[in-house]
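**Q** The chain contents come next:
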Amino acid sequence: MATYGSGFDQDGFLRLAREAGERLRGSRRWVWGIGLGIVGLVALSGAYYQVEPDEVALVTRFGRYVRTSEPGPHTKFPFGVERVQKVPVQRQLKQEFGFRTVRADIQSAFRRDEQTTAEATMLTGDLNVATVGWIVQYKISDPYKYLFKLRDVDETFRLMAEASMRSVVGDHSVTELLTVGREAIAAKAKDLLSDLCRRYDNGISVQQLVLQDVDPPEPVKPSFNDVNQAIQERERSINDAWAEYNREIPRARGLAEQSIEAAEGYAVDRVNRAKGDAQRFVAQEEQYRKAPEVTRSRLYLETMSEVLPRAGKKLILDDKTRGLLPLFPLGNAGEAKP
Amino acid sequence: MTLRGWSLAGGAALLALITLSSTFYTVSETEQVVITQFGQPIGQAITTPGLHVKLPFAQEANVFDKRWLEWNGNPNQLPTRDKKYIWVETYARWRIADPLLFFQRLRDERGAQSRLDDIIDGDTRNVIANHNLIEVVRTSNRTFERSDDVEDVMDEEAVRQVELGRDKITRLILERASRVVPDYGIELVDVQIQRVNYIESVQAKVFDRMISERKRIADRHRSEGQGKSAEIRGRKERELKIIESEAYRKTQEIMGRGDAEATSVYAAGYGRNPELYKFLRSMDTYRVGVDKDSWLVLSTDADLFHYLQSPNAGGPAHKGARPPEK
Chain A
351 MATYGSGFDQ DGFLRLAREA GERLRGSRRW VWGIGLGIVG LVALSGAYYQ
401 VEPDEVALVT RFGRYVRTSE PGPHTKFPFG VERVQKVPVQ RQLKQEFGFR
451 TVRADIQSAF RRDEQTTAEA TMLTGDLNVA TVGWIVQYKI SDPYKYLFKL
501 RDVDETFRLM AEASMRSVVG DHSVTELLTV GREAIAAKAK DLLSDLCRRY
551 DNGISVQQLV LQDVDPPEPV KPSFNDVNQA IQERERSIND AWAEYNREIP
601 RARGLAEQSI EAAEGYAVDR VNRAKGDAQR FVAQEEQYRK APEVTRSRLY
651 LETMSEVLPR AGKKLILDDK TRGLLPLFPL GNAGEAKP
Chain B
34 MTLRGWSLAG GAALLALITL SSTFYTVSET EQVVITQFGQ PIGQAITTPG
84 LHVKLPFAQE ANVFDKRWLE WNGNPNQLPT RDKKYIWVET YARWRIADPL
134 LFFQRLRDER GAQSRLDDII DGDTRNVIAN HNLIEVVRTS NRTFERSDDV
184 EDVMDEEAVR QVELGRDKIT RLILERASRV VPDYGIELVD VQIQRVNYIE
234 SVQAKVFDRM ISERKRIADR HRSEGQGKSA EIRGRKEREL KIIESEAYRK
284 TQEIMGRGDA EATSVYAAGY GRNPELYKFL RSMDTYRVGV DKDSWLVLST
334 DADLFHYLQS PNAGGPAHKG ARPPEK
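Going down the list, the protein sequences come from chains A and B. Numbers in the numbering used here are just positions in the first sequence, counted from 1, shifted up by 350. Numbers in the numbering used here are just positions in the second sequence, counted from 1, shifted up by 33.
The following block holds chain A by itself, in its conformation from the complex:
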């Protein structure tokens, strides 16, 4: 009832209201009025419900499922006749195993404790132990089954996820788990979990399963790191050897090439010199043949006149003074006899 409208007979309205009030008070009908009003309010508030964009609502009447409401405002029968259960079907849900996110932020904080360690510790196929952290992302694909099929769906889902992951890890070696097999293991665990969800018919569809930290157990970690270090060392020593090889072999090849070239040079040198010498001799010989005696004597005497002055000590002996010879110490004297 608006009282602020323009052109509204305010006085008339007030009078009417007053009269109505007196009439009610007179017959005690106002008690009924208030009672009905309260009942009406309760009915209204119980009849209205709103479904958020990421949910659907399942309505049950006297416990029996009757309909599903999509996002938006809705009404239902009040007084507990119809009840509403909302299920976030659009939301991407996540469960963490082997760790817990304490604070999701740009730099998220994680927590590990006894419980998460128990979740993460598992046996590998080669009977070793590893700790595995992983997450499962899932959606509620069938809200009816999700609500009514299992009593403790979420807890059961966790157990299913643990059983699947352990089953897959149990069929892989610790090396596979830590290195080459990560993706395959995640994929297989996801398949196994999806199968289990289908078998349990729990209305959950698994979207993604991602392996997080996969580590050898704490006491064994240093020896695993040592293996990595050993691999590095192996690579380094092989690389060092190759480096040495690459440094020395080309150099040796170059040196070999050099000595071959030098030998070629030597050979050419020898031949050319020989040719030169021979030519010279031939030329000389041609002239010599014209006057052999004179030339021969000239060459001899020229040589002598050159050689004799150079010698430090000279001794000219006559045949008759042969007895003198033993007097001279001939130790390191060069001997020349024309």
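Take the hints with a grain of salt, since some may be wrong.
Subject to a maximum C-alpha distance of 16 Å in a straight line, what follows is the list of computed EDC-like cross-link-like pairs (lysine to aspartate or glutamate) [what the hints assert, rightly or not]:
#1 A/K489 <-> A/E432
#2 B/K283 <-> A/E594
#3 B/K261 <-> A/E594
#4 A/K571 <-> B/D241
#5 B/K248 <-> A/E583
Footprint (simulated), chain B over chain A, 3 or more residues, beta carbon under 8 Å [what the hints assert, rightly or not]:
#6 380 to 390
#7 466 to 479
It should be emphasised that the hints constitute simulated quantities derived from the structure, not laboratory data. We treat Cβ as the ideally placed atom computed from N, Cα and C, and that holds for glycine.
Chain A is already provided as a structure; the job is to place chain B on it using the hints.
**A** For chain B alone, kept in the frame of chain A given last:
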């Protein structure tokens, strides 16, 4: 209305309300109901959800859950057939398949839980005790993929072939446990081995084994590195020797060829007059071979001194050597 009239009306309304609420009962999607009359079960269990009617006061609605219910086993320390002590944690899901029977035998879920404890734990223990550890851990006989870097050193037991594997073991437990539970109106829907872990003392030994395995792997890598690098160095040495010796061979060949050609050239040239060559060569040698430390002992019979004693002797007319000074 008088006060008496009011209270009569109120009493009647209350009575009606109580009667109504005792007559009507709801069965939700998650429930099933067994009606008992003075404690005696009447008819079949009601499983369809919705509003239902019963006799007021005389009949009672006993509500049971219709959903799959939880059973989570406690960790049990069990020996396997190969005498490995392990912690096994199982979980099961079950439902009340026959509420009437369930109601008669167990009354409520608490009774069921303790009965399931006995049954499932017992069967788990039996099955595990009859199989080797590897059967509980592995599912198949797939061969492990080998990494390029880390070739595994396998434990002897780990390479043993699996006969059943985890899947079949759990199915075996499920089958055995399922034989008994129908007597309680229970259906066992699934049993899974959730966790298997070594007990602490075994775990310590396993860790030791893992450490020694890794040590072996690391050692192998190191020695492989040393071996490979030695191999490369050896190859280097060999190639160096090949290169050097081939170079030597080639140089000698080439030089030899040069020498040979030079020799033939000399022979061809000097061959025209070997006597002259000998003479010229001797002259050259005298020039080079005599220095200031040399003694020259000459006889006056020599051609050179022919004229030293008499100018009339025949011979080459040229400048003679002077008499010795020292």
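**Q** Run every hint past the structure and note whether it holds.
**A** So, going through the hints one by one against the coordinates:
no., hint, result
1, A/K489 <-> A/E432, "26 Å, violated"
2, B/K283 <-> A/E594, "26 Å, violated"
3, B/K261 <-> A/E594, "13 Å, holds"
4, A/K571 <-> B/D241, "12 Å, holds"
5, B/K248 <-> A/E583, "14 Å, holds"
6, 380 to 390, "violated (count 0)"
7, 466 to 479, "holds (count 10)"
In the structure shown, a violation is registered for the earlier hints numbered 1, 2 and 6, in ascending order.
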